[in-house]
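> Sequence lines, in order, name chains A and B.
Sequential numbering from 1 applies to the first sequence in the numbering used here.
Sequential numbering from 1 applies to the second sequence in the numbering used here.
Incorrect hints may appear among the rest.
Pairs count within a copy or across copies, as identical chains cannot be separated in the list.
What the hints assert, rightly or not - Lysine-lysine pairs mimicking DSS-like chemistry, simulated, CA-CA at most 30 Å apart: (1) Lys2 / Lys475; (2) Lys176 / Lys29; (3) Lys64 / Lys2; (4) Lys2 / Lys70; (5) Lys29 / Lys327.
No lab work stands behind these hints, which were simulated from the structure alone.
Quick caveat: nothing in here was measured; it's all calculated off a predicted structure.
Protein chains: 2
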Amino acid sequence: KKNAEFLSGQYGTNLLLIGAALMLAIANKNPSVKEEDLRSFTTCLMILQLLWMMWYILVRDRQKSAPPEKDVHATSGWIRGGLTLLALLSLIMDAFRIGQYVGFQPCVSAVLVVFPVIHATHTMAQVHFLWFHIKDVIKSFETFERFGVIHAVFTNILLWCSGVMSEAEHFLNNHKRRLSALGLINLTTEYSEPQCNCTTSTCSMFATSLYYLYPFNIEYHIFVSVLLFVMWRNIGRTIDLTSNHKRQVGKNPGLILGPLVGLLALASTIGILVVYVTHVEKSIQMRRSAVSMFYIYAIVMLTVMCIAGASGLLIYRVNHMPLDTSKNPSRQLDAEVLFGSSIGSWLMSWCSIVSVLSTESNPPYRWTNLVYSLFIVLEKYVQNLFIIESLYRQQEDGERQDPELPAAPEVFSVTSSLAPPYNGIINRTFESPDRSCVTTESEQEESEQVYGCPRKLSDVPAPVGNETVERPNIKRQILKNIAVFLIMCNISLWILSAFGCRPQYDNGLEEETYGFSIWSTVLNFAIPLNLFYRMHAVASLFEVFSRV
Amino acid sequence: KKNAEFLSGQYGTNLLLIGAALMLAIANKNPSVKEEDLRSFTTCLMILQLLWMMWYILVRDRQKSAPPEKDVHATSGWIRGGLTLLALLSLIMDAFRIGQYVGFQPCVSAVLVVFPVIHATHTMAQVHFLWFHIKDVIKSFETFERFGVIHAVFTNILLWCSGVMSEAEHFLNNHKRRLSALGLINLTTEYSEPQCNCTTSTCSMFATSLYYLYPFNIEYHIFVSVLLFVMWRNIGRTIDLTSNHKRQVGKNPGLILGPLVGLLALASTIGILVVYVTHVEKSIQMRRSAVSMFYIYAIVMLTVMCIAGASGLLIYRVNHMPLDTSKNPSRQLDAEVLFGSSIGSWLMSWCSIVSVLSTESNPPYRWTNLVYSLFIVLEKYVQNLFIIESLYRQQEDGERQDPELPAAPEVFSVTSSLAPPYNGIINRTFESPDRSCVTTESEQEESEQVYGCPRKLSDVPAPVGNETVERPNIKRQILKNIAVFLIMCNISLWILSAFGCRPQYDNGLEEETYGFSIWSTVLNFAIPLNLFYRMHAVASLFEVFSRV
Numbered sequence: 001k002k003n004a005e006f007l008s009g010q011y012g013t014n015l016l017l018i019g020a021a022l023m024l025a026i027a028n029k030n031p032s033v034k035e036e037d038l039r040s041f042t043t044c045l046m047i048l049q050l051l052w053m054m055w056y057i058l059v060r061d062r063q064k065s066a067p068p069e070k071d072v073h074a075t076s077g078w079i080r081g082g083l084t085l086l087a088l089l090s091l092i093m094d095a096f097r098i099g100q101y102v103g104f105q106p107c108v109s110a111v112l113v114v115f116p117v118i119h120a121t122h123t124m125a126q127v128h129f130l131w132f133h134i135k136d137v138i139k140s141f142e143t144f145e146r147f148g149v150i151h152a153v154f155t156n157i158l159l160w161c162s163g164v165m166s167e168a169e170h171f172l173n174n175h176k177r178r179l180s181a182l183g184l185i186n187l188t189t190e191y192s193e194p195q196c197n198c199t200t201s202t203c204s205m206f207a208t209s210l211y212y213l214y215p216f217n218i219e220y221h222i223f224v225s226v227l228l229f230v231m232w233r234n235i236g237r238t239i240d241l242t243s244n245h246k247r248q249v250g251k252n253p254g255l256i257l258g259p260l261v262g263l264l265a266l267a268s269t270i271g272i273l274v275v276y277v278t279h280v281e282k283s284i285q286m287r288r289s290a291v292s293m294f295y296i297y298a299i300v301m302l303t304v305m306c307i308a309g310a311s312g313l314l315i316y317r318v319n320h321m322p323l324d325t326s327k328n329p330s331r332q333l334d335a336e337v338l339f340g341s342s343i344g345s346w347l348m349s350w351c352s353i354v355s356v357l358s359t360e361s362n363p364p365y366r367w368t369n370l371v372y373s374l375f376i377v378l379e380k381y382v383q384n385l386f387i388i389e390s391l392y393r394q395q396e397d398g399e400r401q402d403p404e405l406p407a408a409p410e411v412f413s414v415t416s417s418l419a420p421p422y423n424g425i426i427n428r429t430f431e432s433p434d435r436s437c438v439t440t441e442s443e444q445e446e447s448e449q450v451y452g453c454p455r456k457l458s459d460v461p462a463p464v465g466n467e468t469v470e471r472p473n474i475k476r477q478i479l480k481n482i483a484v485f486l487i488m489c490n491i492s493l494w495i496l497s498a499f500g501c502r503p504q505y506d507n508g509l510e511e512e513t514y515g516f517s518i519w520s521t522v523l524n525f526a527i528p529l530n531l532f533y534r535m536h537a538v539a540s541l542f543e544v545f546s547r548v
Numbered sequence: 001k002k003n004a005e006f007l008s009g010q011y012g013t014n015l016l017l018i019g020a021a022l023m024l025a026i027a028n029k030n031p032s033v034k035e036e037d038l039r040s041f042t043t044c045l046m047i048l049q050l051l052w053m054m055w056y057i058l059v060r061d062r063q064k065s066a067p068p069e070k071d072v073h074a075t076s077g078w079i080r081g082g083l084t085l086l087a088l089l090s091l092i093m094d095a096f097r098i099g100q101y102v103g104f105q106p107c108v109s110a111v112l113v114v115f116p117v118i119h120a121t122h123t124m125a126q127v128h129f130l131w132f133h134i135k136d137v138i139k140s141f142e143t144f145e146r147f148g149v150i151h152a153v154f155t156n157i158l159l160w161c162s163g164v165m166s167e168a169e170h171f172l173n174n175h176k177r178r179l180s181a182l183g184l185i186n187l188t189t190e191y192s193e194p195q196c197n198c199t200t201s202t203c204s205m206f207a208t209s210l211y212y213l214y215p216f217n218i219e220y221h222i223f224v225s226v227l228l229f230v231m232w233r234n235i236g237r238t239i240d241l242t243s244n245h246k247r248q249v250g251k252n253p254g255l256i257l258g259p260l261v262g263l264l265a266l267a268s269t270i271g272i273l274v275v276y277v278t279h280v281e282k283s284i285q286m287r288r289s290a291v292s293m294f295y296i297y298a299i300v301m302l303t304v305m306c307i308a309g310a311s312g313l314l315i316y317r318v319n320h321m322p323l324d325t326s327k328n329p330s331r332q333l334d335a336e337v338l339f340g341s342s343i344g345s346w347l348m349s350w351c352s353i354v355s356v357l358s359t360e361s362n363p364p365y366r367w368t369n370l371v372y373s374l375f376i377v378l379e380k381y382v383q384n385l386f387i388i389e390s391l392y393r394q395q396e397d398g399e400r401q402d403p404e405l406p407a408a409p410e411v412f413s414v415t416s417s418l419a420p421p422y423n424g425i426i427n428r429t430f431e432s433p434d435r436s437c438v439t440t441e442s443e444q445e446e447s448e449q450v451y452g453c454p455r456k457l458s459d460v461p462a463p464v465g466n467e468t469v470e471r472p473n474i475k476r477q478i479l480k481n482i483a484v485f486l487i488m489c490n491i492s493l494w495i496l497s498a499f500g501c502r503p504q505y506d507n508g509l510e511e512e513t514y515g516f517s518i519w520s521t522v523l524n525f526a527i528p529l530n531l532f533y534r535m536h537a538v539a540s541l542f543e544v545f546s547r548v
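So that you can see chain A by itself, here it is in the shape it has in the complex:
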């Protein structure tokens, strides 16, 4: 088994490295290796993955009598929903690509139309696979399936890489165009556009909207590869049935402050984005003020995020709870990926700090840049700890003690009001009128009537344990608010970076210290990782939100 793991892992890594070698050659703009070569290579990989998925689904259909084990932790409904949304945007992107090809048909290679067609098919098949098979724990043809799954993983990573590369190239061209508009450099763009004119009127529309769709396509691929990787790790695993059940999520009373502040952050982020993108092209003065504005805004936001995360950690410190040590590959991977993808933006921040401290020029945003970078480091540090601690916490005491109770944390106050008959204090006057109420509760959970019933009891002096149960409930509410707030903030930071607000390019400090080529290499490595980090943090915080 260990050998099959390494056999397939090495195969997948080599696939990725071939792709990387091709991409490096393309980056050098050498005429001997063209974009088309990479496209045909990824097309082949996608076709192979399609074949494997078809084979897998056929085999599963035949074995209908013995349905495979499922790992319920592998993914959740809202992740799949989100991915379906991203996949839809990817499909639109493919349609635009085909449209673009139609316009440029006379002068471009046919590979450019085959790729989007295959990609669209691949996307649809993969979404189907995600919905119905991603949780499977494979136990037959293990070695072959391992190759299939790892092939799928690395095909998606390769598609992510090539998306990242196109996006970075586009951004760099954009950046140069801006600089030349400001008169800072002489523009000598080498257009990668086709050599002929477009025959339809929609080409330029397609071209611009493509670049707004890119970020979604990129996130789609990296997310799918993470899910598939979990599936790969699950192959041949024996699932521990005791820890293999998932909690249901009910209503969330008291969830007001977090979403409210979060929405505020989101709204102001969009404002800042618009102001930034328009101001940064105008004049050097405007450019500097735009960068300063961004830093101040981000510092405020990061400070609040740090405080939120730290208070979440404090709450965990206050009530000691045993950690959940059951084996769960998807959770472990979550933590590792979170940690690994932080490295990109940490490197970026430390580079900024070094350059701020060593530079001789003194723009107005020099020290705000320093503070901003320090906060970026700190915020990721705290947020990672908060997420990991939340994921490794065991469920709250109350529910673990009576496992037969359908675990819905929000009906808690109800159960505590019903405490007397459960707590051994037998009170016949209570028992007889309430019995009907209890049965309706189990039948129509969370209906209004349930909340109506215990009110009759609340006049009675509060019974034992009411307070001790009430307190974690408040804590849980605070944690839920924190999680929602952090989700919104992470989405905001993702939007800022994904749609062109990248002061690391525009402030000029780091470029001075590191030189253009080193610094743009660092950014091309760090920014995609950072974008992935933000998205992944959102997903993990969702998980936290539904757990606490």
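Take the given structure of chain A and dock chain B to it, following the hints.
Frame of chain A; chain B shown alone:
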């Protein structure tokens, strides 16, 4: 515990990233960040590590009444011996550095003498720590110790990185000098030498010998960091005592072919190295023939290595043995590091393949380069599988069946001759004279007398199981030969790459496809990883050798 892990892991990663930011700034040759800054930063880290080690040793000394648990898998005597040797070479290097400083004293910063002094102290303290404490399983002050250990890990990684950087810079300058000697480029070196003349006569001697000592210093630091990382993973672990015993290694009869062929490979390697290094500077014609010679030699060697590894795997396929699934962090790390460090040279090989297939120029070594690159990929693939399979194999059947027998595989034939009394065939005539013999065996293991005793019995018709036990013995001999041969080959390949035989710089093919800056970035990333891979493979194969 999980949280402490991430807390300290994030701390360590950030240390490394600060160092990386400084190094990137230095690489840009910007006057605002100097070599001295990096040196002072690493000096601070080393001093911190020294303080922590002192604290740790003091605390351990106090707790002498309760000696800590030890993880016997953490390291072995010969690894520590090898590291001590590397440490000695590092000390010599420090002495040379101090000597160089004395010569240049008037014009260089004092940091350049503080660094080697602290480094020498650090090296000695660390070797002491390795000998007496690396196997400890820490169970008190866990969180604090975690920070200490991870600090040590990343200090060593940082020292590795800065060593790699200096080495790469030196090699690049050397490469440029060669090219200008051939008239291919115009040399415009920016000397990083101090601005004044040396006051002693030994400076240039120190400077040249420093560069021969660099490779050893580099390997020393990366190895120590791997060992310390295992220690970090062991913190707070509960050791499973049943699997926590190590096998002793005795004599190895029949170990002739492997070492012989291996020595042959090693000797011819040194010949090739000398010819290559002298020829590559002479003329373009000589240069080409030197590169061709290297490729042909390497192809032959890699082919033999592939065959050896594959036959090892075949032997494993023939006799099915259950895998050893007991928890063993150091083994798991070995496998992961082996896999991770292969990535560097795989990337390099795939880049070569892409450029050979796409290039227009046609040097004589074009297709040998292709074959060589393919073999590099294949050889790593096979060798990794062989090592991992060997490490995860359970010990041979015979010993596992009687675990009370001190496991010494070479006394195997002895145990099989003693089989009758153990196998339930009670034979009083045997029992009485042998009892003394058995007791001496357990008392003076592996003395001559042990081998003498059973000889009296061997006249007796061979008892049950003699043949089935004899056969794995032959297999084991083959496996041992393979391991020794692969060790020698890996050492050869390390020597070639470490001491200047790098055709990836000299053949010009990849440079044409990727451009100088991209290709040298790839090489600066891949070659240090490849060197580390070779050394690590040697260490793992040693482990394999003593296990089979």
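> Between Lys2 and Lys70, at a C-alpha cutoff of 30 Å, which is it: within one copy, between copies, both, or neither?
Classified as both; 22 Å inside a copy, 26 Å across copies.
> If the cutoff is 30 Å on CA atoms, where do Lys2 and Lys475 land: within, between, both or neither? Let me know, please.
So Lys2 and Lys475 pass the 30 Å test across copies only (22 Å; inside, 43 Å).
> Quick one: Lys29 to Lys327, C-alpha cut-off 30 Å, is that within a copy, between copies, both, or neither?
neither (47 Å within a copy, 49 Å between copies)
> Go through the copies and call it for Lys176 and Lys29: within, between, both or neither, with a Cα cutoff of 30 Å.
Intra 17 Å, inter 24 Å, cutoff 30 Å: intra and inter.
> Pop the pair Lys64 and Lys2 into one bin, within, between, both or neither, using alpha-carbon distances up to 30 Å.
within (29 Å within a copy, 40 Å between copies)
Going through the hint list in order, the structure does not satisfy hint 5, though it satisfies all others.
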